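Listed in order, the protein sequences are those of chains A and B.
So the number in my numbering is just where the residue sits in the first sequence, counting from 1, plus 14.
So the number in my numbering is just where the residue sits in the second sequence, counting from 1, plus 2.
Do not rely on the hints blindly, as some may be mistaken.
Quick look at which bits of chain B chain A covers, simulated, 3 or more residues with Cβ under 8 angstroms [claimed, not checked]:
| no. | segment |
| --- | --- |
| 1 | 153 to 163 |
| 2 | 409 to 420 |
| 3 | 539 to 548 |
Some chain B residues flagged as far from chain A (calculated, every beta-carbon gap over 12 angstroms) [stated by the list, open to error]:
| no. | residue |
| --- | --- |
| 4 | F252 |
| 5 | L305 |
| 6 | I380 |
What the hints contain is simulated information worked out from the structure, not anything from laboratory work.
Model, not experiment: these values are computed from the prediction.
All C-beta atoms in this analysis are idealised placements derived from N, C-alpha and C, irrespective of residue type, glycine included.
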Amino acid sequence: MRMVKKKVCLLGQFGVGKTSLIEKFVFNVFSEKYLSTIGVKVDKKEVVLPDGRRAVLMVWDLAGQEEENPAPRAYLKGMSGYLLVADGTRPDTLEMVRRIHKTVGGQYPDVPFRLLINKSDLTADWKISPRDYEDYTRKGVEVHITSAKEGTAVEDAFVGLAGAMLRPEGG
Amino acid sequence: MSADPRYGRLDARERRNLRELEKRLSGSAVTPRAVGGALPEAVLTDNTDRQKLAKSIMGVTEDAITLSVRTDPQTLSTALFPIIGSAIRKAVNKLLSETMVRMNAGLENTFSLRRMAWRFQAWRSGVSYMEILLRNTLVFQVEHVFLIHRRTGILLHDCSRAGTQLADKDMVASMLTAVQDYIRDSLRLRRKSDGMHTLTAGEYSFVVEDGPLAIIALIVRGTLDPSLRETAQDALETIHLRMTGPLSSFSGDTTGFAEAETYLRPCLTGRKRDDGKKVPIYSIVLISVLLAAAAFFLGRSVLERRERELFIERLRAAPGVVVTGVTRGWGKTVVHILRDQDMEDPFPGEDPPEGLSVQSREYLSLEPEFVLRRLRLILQPPAEVSLQFRDGVLHARGPAPEAWVRDRLPLAYTAGGVKEVRHSREREGTPLPEPLGSLSRDLSLQTVLFPADLDTPLPGQDEALERVRTLIRSILRAAGESGLSARIEVVGHAAGEVQDQGSVRVSLGRAEKIAGLLSSRDGELEKHLVPRGVGTAEPPVPETSRDGKEKNRSVTFRAVFR
Numbered sequence: 015m016r017m018v019k020k021k022v023c024l025l026g027q028f029g030v031g032k033t034s035l036i037e038k039f040v041f042n043v044f045s046e047k048y049l050s051t052i053g054v055k056v057d058k059k060e061v062v063l064p065d066g067r068r069a070v071l072m073v074w075d076l077a078g079q080e081e082e083n084p085a086p087r088a089y090l091k092g093m094s095g096y097l098l099v100a101d102g103t104r105p106d107t108l109e110m111v112r113r114i115h116k117t118v119g120g121q122y123p124d125v126p127f128r129l130l131i132n133k134s135d136l137t138a139d140w141k142i143s144p145r146d147y148e149d150y151t152r153k154g155v156e157v158h159i160t161s162a163k164e165g166t167a168v169e170d171a172f173v174g175l176a177g178a179m180l181r182p183e184g185g
Numbered sequence: 003m004s005a006d007p008r009y010g011r012l013d014a015r016e017r018r019n020l021r022e023l024e025k026r027l028s029g030s031a032v033t034p035r036a037v038g039g040a041l042p043e044a045v046l047t048d049n050t051d052r053q054k055l056a057k058s059i060m061g062v063t064e065d066a067i068t069l070s071v072r073t074d075p076q077t078l079s080t081a082l083f084p085i086i087g088s089a090i091r092k093a094v095n096k097l098l099s100e101t102m103v104r105m106n107a108g109l110e111n112t113f114s115l116r117r118m119a120w121r122f123q124a125w126r127s128g129v130s131y132m133e134i135l136l137r138n139t140l141v142f143q144v145e146h147v148f149l150i151h152r153r154t155g156i157l158l159h160d161c162s163r164a165g166t167q168l169a170d171k172d173m174v175a176s177m178l179t180a181v182q183d184y185i186r187d188s189l190r191l192r193r194k195s196d197g198m199h200t201l202t203a204g205e206y207s208f209v210v211e212d213g214p215l216a217i218i219a220l221i222v223r224g225t226l227d228p229s230l231r232e233t234a235q236d237a238l239e240t241i242h243l244r245m246t247g248p249l250s251s252f253s254g255d256t257t258g259f260a261e262a263e264t265y266l267r268p269c270l271t272g273r274k275r276d277d278g279k280k281v282p283i284y285s286i287v288l289i290s291v292l293l294a295a296a297a298f299f300l301g302r303s304v305l306e307r308r309e310r311e312l313f314i315e316r317l318r319a320a321p322g323v324v325v326t327g328v329t330r331g332w333g334k335t336v337v338h339i340l341r342d343q344d345m346e347d348p349f350p351g352e353d354p355p356e357g358l359s360v361q362s363r364e365y366l367s368l369e370p371e372f373v374l375r376r377l378r379l380i381l382q383p384p385a386e387v388s389l390q391f392r393d394g395v396l397h398a399r400g401p402a403p404e405a406w407v408r409d410r411l412p413l414a415y416t417a418g419g420v421k422e423v424r425h426s427r428e429r430e431g432t433p434l435p436e437p438l439g440s441l442s443r444d445l446s447l448q449t450v451l452f453p454a455d456l457d458t459p460l461p462g463q464d465e466a467l468e469r470v471r472t473l474i475r476s477i478l479r480a481a482g483e484s485g486l487s488a489r490i491e492v493v494g495h496a497a498g499e500v501q502d503q504g505s506v507r508v509s510l511g512r513a514e515k516i517a518g519l520l521s522s523r524d525g526e527l528e529k530h531l532v533p534r535g536v537g538t539a540e541p542p543v544p545e546t547s548r549d550g551k552e553k554n555r556s557v558t559f560r561a562v563f564r
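Produce the complete structure using the sequences and hints provided.
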């Protein structure tokens with residue numbers, strides 16, 4: 015069976031737990047220090063879709079974006095999909111996700127993505143309700159409530175994104 | 003067409019289609035205008051058709067360019083002018099860059115023992131030192147080759163040397179792309195070709211060549227060779243030429259890039275330093291040869307020196323040769339000698355040792371051997387006459403014509419070193435055993451002198467007489483020990499050229515006188531002494547001068563054994 019390779023970017027504000035979120039789910043040989051040096055670290059994730067198709071996702075974990083420090087365009091080029099990550103305990107990170115999406119979505123309107131709201135294990139501090147991101151759900155964007163600590167829904171997010179990316183070509 | 007009655011059976015649509023078909027068959031629709039309109043559309047069809055089209059118009063295009071150049075070169079040169087300058091600059095820059103890399107590598111090795119080995123290698127092989135330097139500094143091996151999709155950073159294909167290990171190749175390829183992007187963004191490089199081309203870490207280097215659709219990255223172990231970029235560029239150009247379609251439409255499926263293996267594999271090149279093992283062998287051989295040569299030359303020098311010294315010693319010992327000086331210079335020794343005039347060569351048939359020359363001058367040797375040789379030449383004695391030279395006295399023994407004794411024998415004084423000449427008519431007999439022979443010769447040399455016409459010895463002859471007595475005693479004793487009996491002839495002589503009774507009488511009187519004197523000194527001698535007077539018949543010396551006359555007024559002695 016043929017193996018398809020896709021480039022996926024991981025985007026979100028600094029401190030939302032992007033790196034921790036995928037750490038247990040990806041093959042990783044490079045140190046996190048690359049994030050603070052060149053602003054990106056590439057990991058590898060192999061997924062198997064429900065229909066049996068397999069894909070290798072090259073996950074470009076981009077250093078946390080800020081208002082004044084958006085994702086470098088060079089790192090985004092050629093991506094087939096991306097994951098937007100927000101922190102459930104910090105509503106501002108969802109706002110940041112919206113800004114990132116506005117920019118990236120503008121450049122890559124046809125590229126599929128998923129919204130991940132992280133730190134589901136910290137329910138006591140949870141400050142984001144489904145109403146806060148219903149603008150996404152209304153558009154059909156799949157939202158995954160994840161936990162880096164417990165590993166909740168991360169695999170589903172990757173599989174779901176891979177399914178969306180492969181659909182046009184593989185279908 | 004309209005006259006054809008069968009048209010009447012067709013409906014309007016059928017008639018329209020028929021007319022259209024008729025029109026196309028007649029060619030009126032294929033006009034230059036129609037082709038002109040259709041050609042751009044044909045060119046823009048899918049890739050397979052485009053390649054066919056390119057192939058089909060290649061010959062025509064070449065002919066068109068050739069014709070254009072022949073017709074008016076200015077047109078094409080004007081059209082190419084904007085890109086020619088850029089292309090030349092790029093080529094020159096590339097050449098300079100590669101040369102600088104080589105020069106730097108060369109300078110790094112400027113002050114090393116290895117450089118000396120390379121100089122020797124250059125001298126031995128006849129190749130210029132710079133070429134040897136470049137050849138030896140370029141030591142590398144390409145461990146991995148990556149073909150990376152430029153836009154996505156995804157590894158399309160790779161090949162590597164057997165046995166080499168690397169972290170996940172997909173991730174390395176992507177990170178390499180990320181680093182390239184990072185550098186390009188950080189330095190705000192706008193042109194795609196301005197990106198990172200080499201990256202070195204420890205003994206490994208990345209060589210990266212950019213293309214519009216793909217990137218080739220080489221992981222090189224060792225010293226970077228500028229030719230690697232050319233190799234990578236060649237492969238990249240070929241891949242772009244042959245795989246434009248798959249590269250342009252790449253969407254994640256890498257299975258179609260297995261073909262790239264053919265173009266990537268040649269990049270797995272390398273160059274092993276051939277002096278790694280050989281140079282020590284050469285060095286050992288070189289050092290051995292040098293040591294052997296040094297030992298050979300040193301040994302030969304010592305032997306030659308020894309040979310020269312031996313030759314000089316032999317010259318010093320050679321009769322008729324006097325070594326007057328030795329001059330030693332660089333590789334040359336000159337021996338200065340005096341050589342007897344009658345000697346042609348001290349060592350006939352033998353050349354002096356190498357590095358030694360002999361400068362000789364003639365002289366008159368007074369050594370008995372050479373004096374005797376000259377005497378034989380000068381006197382040319384009759385066959386029965388033998389010559390002996392000792393202590394400056396020439397003894398000529400044997401019967402000889404009076405004329406020879408008178409005329410030729412006196413010439414002995416001209417031979418040099420001859421103080422006295424004596425002649426006796428007796429042949430030289432069987433050699434006597436020693437010390438009898440030498441005692442007898444000594445006795446024969448003794449002379450007791452007398453005044454003219456008198457038989458009383460001259461004053462002061464006592465010493466000579468005593469010497470004679472001692473010699474006679476010794477001879478008698480030695481003869482007894484040798485089992486011989488001896489008698490001593492006491493021979494009286496008279497001066498003058500005429501033999502007469504007077505001279506015989508005087509000479510006999512002198513002989514008897516001396517015999518009496520000896521007997522009175524030593525009574526044991528009397529019975530052995532035989533006095534004899536020979537007058538002027540046997541002159542002890544040629545009577546050519548007054549001195550000769552005085553010496554002939556004498557008594558001499560001769561020992562006779564039985």
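We went through each hint and held it up to the structure:
| no. | hint | in the structure |
| --- | --- | --- |
| 1 | 153 to 163 | holds (count 5) |
| 2 | 409 to 420 | violated (count 0) |
| 3 | 539 to 548 | violated (count 0) |
| 4 | F252 | violated (9 angstroms) |
| 5 | L305 | holds (74 angstroms) |
| 6 | I380 | holds (117 angstroms) |
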